[in-house]
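Asker: Sequence:
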Amino acid sequence: MTITQFPANSTRRTGSKLAAVLLPLSLALSASAYPVFQDAFNSDPQFEATSSTEQQSITATNADDLFTVSAWADQAATVPAGIYQYFLFIGVDSGVGNGALIDGNESMTTQLFGSVGASMIEFNYTGGSGGVTNNLARVHISGFKSDPVASAVVYSSPKISNISYTNGVVSFDCASDNNGNDYSQLLFANPASSSGSTLTISGEPSPNGDATGWFVGYHQLNIQEAVAGPQLSPTQIPQNSTSAVTTDDGALTVKGFSDLNATAPANLGRYYDQCFGIATGNVINGNASITLSFTSGNGLSRLDSLYSGGHLAISGFLSDPGFVDAGGGATSSGYTNGVLTIAVADGGFHPYFFTNRAASAGQTLRMTDTDSQFGVALVGYANIHSLIAPDLAGITSPTYTTPDGLLSLAGFSDNPGTQPANLFETYNWFGISGGNNTQSVDGTETLNVQLASTAALSGFGTKYTSGQINIAGFTSDPGFSDPSGVATGANYANGILNFTLNAPQSPEIVMSFTNLSASAGQTLTFYTDGSSGSQLTLSRLNYASIGSAPLNVSIAQSGTNVIVTWPSGTLQQSANALTGFSDVTGATSPYTNAISGTKFFRVKGQ
770 MTITQFPANS TRRTGSKLAA VLLPLSLALS ASAYPVFQDA FNSDPQFEAT
820 SSTEQQSITA TNADDLFTVS AWADQAATVP AGIYQYFLFI GVDSGVGNGA
870 LIDGNESMTT QLFGSVGASM IEFNYTGGSG GVTNNLARVH ISGFKSDPVA
920 SAVVYSSPKI SNISYTNGVV SFDCASDNNG NDYSQLLFAN PASSSGSTLT
970 ISGEPSPNGD ATGWFVGYHQ LNIQEAVAGP QLSPTQIPQN STSAVTTDDG
1020 ALTVKGFSDL NATAPANLGR YYDQCFGIAT GNVINGNASI TLSFTSGNGL
1070 SRLDSLYSGG HLAISGFLSD PGFVDAGGGA TSSGYTNGVL TIAVADGGFH
1120 PYFFTNRAAS AGQTLRMTDT DSQFGVALVG YANIHSLIAP DLAGITSPTY
1170 TTPDGLLSLA GFSDNPGTQP ANLFETYNWF GISGGNNTQS VDGTETLNVQ
1220 LASTAALSGF GTKYTSGQIN IAGFTSDPGF SDPSGVATGA NYANGILNFT
1270 LNAPQSPEIV MSFTNLSASA GQTLTFYTDG SSGSQLTLSR LNYASIGSAP
1320 LNVSIAQSGT NVIVTWPSGT LQQSANALTG FSDVTGATSP YTNAISGTKF
1370 FRVKGQ
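One gets the numbering used here by counting positions in the sequence shown from 1 and adding 769 to each.
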């Protein structure tokens, strides 16, 4: 079966008046799907309501409050106007021009939450007017942080041309779509370029045509996770132009083939921002195959299915990959001799997780589906030094240790941790059982993360998290970094990092630490401030093997003495900073030494 290109909402029109019959997809994507959300404004009750009562600004509650649309009477977006929904689109009613369209001096903004970015924007009833031979509008979308890598997706005929990106602005020519009988669809391969940004839609008659006016109908916005764990989504797959794609970090390379043995290259293709496969059908089927090649230390953590059926076979594993079907998307599965076979339940969206990333680290996996088709909606991958929520699937214990022994978890119902409480995992997030939310750390609950002497916490991911978050146990400032910009008030003092994170939505936010020595060999305690509504829901913990524990030496003066403290190893001293060091016989940490002349101290590893 081949997927035919059609937008999320197709239409039919009758007579001379604008009238439509909505033909929705039979699939309803969940908040954890890709895209995270598709909002067709003509079928969203909040925007539909503006056809009778206009509003200047709307935060999309149906999209988990992940974006806000506002209307403006000027292109600088400073003079408020009303949003007006008509037919398949929304526009700006500023009292000038067509109140159902963005035109003249008007503009419309879309402010995106920090955890998501735009993956596709669709326009309807868009183009130039007043020309004789070539009615073209020049549409501008400003506010990008970097190049979103925009490309056009054709519905019934090409409408978008001359796409360019300069200094945060994507511009393109849009041909008049015959009174709304077509769609102008713009795909963005880099959703992170708009995360947390405010995108402004404006326009003008194109210099490449003879139009004297322009108009835009804003039909649909698709958004997806932008600062989650490492992944490859369909937006990153060019349509029928290459047989191989490598992620920006170089950790994963995807290749397409026209044969089952993966020897004859075939171009890859994607179906909008929803799934990808071989370009002939935008899925894996028949004699086609796709390979996933991972660099050393990185392995398959997640594979999402969409528009799929039959039996997916994945070969090339070194051992059982630890298949977890969190969403009930498989009727059966089995692993034998390097091959995992999954009987796909139906054509809906289904996420599959893999708890043993070492089984695919550094390997090339080959995927085939000979009795039906498999649409790849997402490939997630992770370093082998990581813990993802599905690793805890089915856990009924307060403790868990990763297979490599470098990281251990312990849950407690109190702070300080004296009363053990079971860890609790659901789908792809986890917390501590009990409290106000059995899937989060909240109230008086605490989660201890104990790191081996040769390991350090390099980052963590959250979902459904709100309030003040505290992490205690660092030996120095860990160098907290939040690429989403959602965390506020980050502060480190006396071994404790705290920050506020108002992100109750489902898209994952992964934060990191730049100073690994601050957590090496430590036991870190995660907890909230205990206030009503505060909760921490974790999706992953990333840790790094640092070879040996850092031998940090601290020296403090006490009267006429100095006190030297170090974590392990043998203390040495010398009168010269470069040479002549010898062991300080019998010295243990902390070591008190009288001040006499100039001395330099260092620690020799065990």
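Hint data in this document are derived by calculation from the structure and do not stem from the laboratory.
This structure is a prediction, so every number in the text was calculated from the model and none was measured.
The C-beta atom is built at its ideal place from N, Cα and C for all residues, glycine as well.
Incorrect hints may have been included.
[Said to hold, decoys possible] Here are the computed distance ranges between Cβ atoms for each label pair: (1) Val848 x Pro1189: 53 to 63 angstroms; (2) Pro1034 x Ser1088: 25 to 35 angstroms; (3) Gly1103 x Ala1262: 20 to 30 angstroms; (4) Ile1364 x Asn936: 55 to 65 angstroms; (5) Thr1361 x Pro1189: 20 to 30 angstroms; (6) Thr1283 x Ser915: 29 to 39 angstroms.
Asker: State, for the Cβ atoms of Ile1364 and Asn936, whether the hinted interval 55 to 65 angstroms holds or is violated.
Answerer: At 59 angstroms between Cβs, range holds.
Asker: Can you let me know if the beta-carbon spacing of Thr1283 and Ser915 is within 29 to 39 angstroms?
Answerer: 21 angstroms, violated
Asker: Given the range 20 to 30 angstroms, decide if the beta-carbon distance of Thr1361 to Pro1189 lies inside it.
Answerer: 39 angstroms, violated
Asker: Do Pro1034 and Ser1088 keep their Cβ atoms within the hinted range of 25 to 35 angstroms?
Answerer: 29 angstroms, holds
Asker: Verify the CB-CB distance for Val848 and Pro1189 against the hinted window 53 to 63 angstroms.
Answerer: 59 angstroms, holds
Asker: Has the hinted range 20 to 30 angstroms been met by the Cβ atoms of Gly1103 and Ala1262?
Answerer: 53 angstroms, violated
Hint compliance for this structure: hints 3, 5, 6 are not met, and every other hint is.
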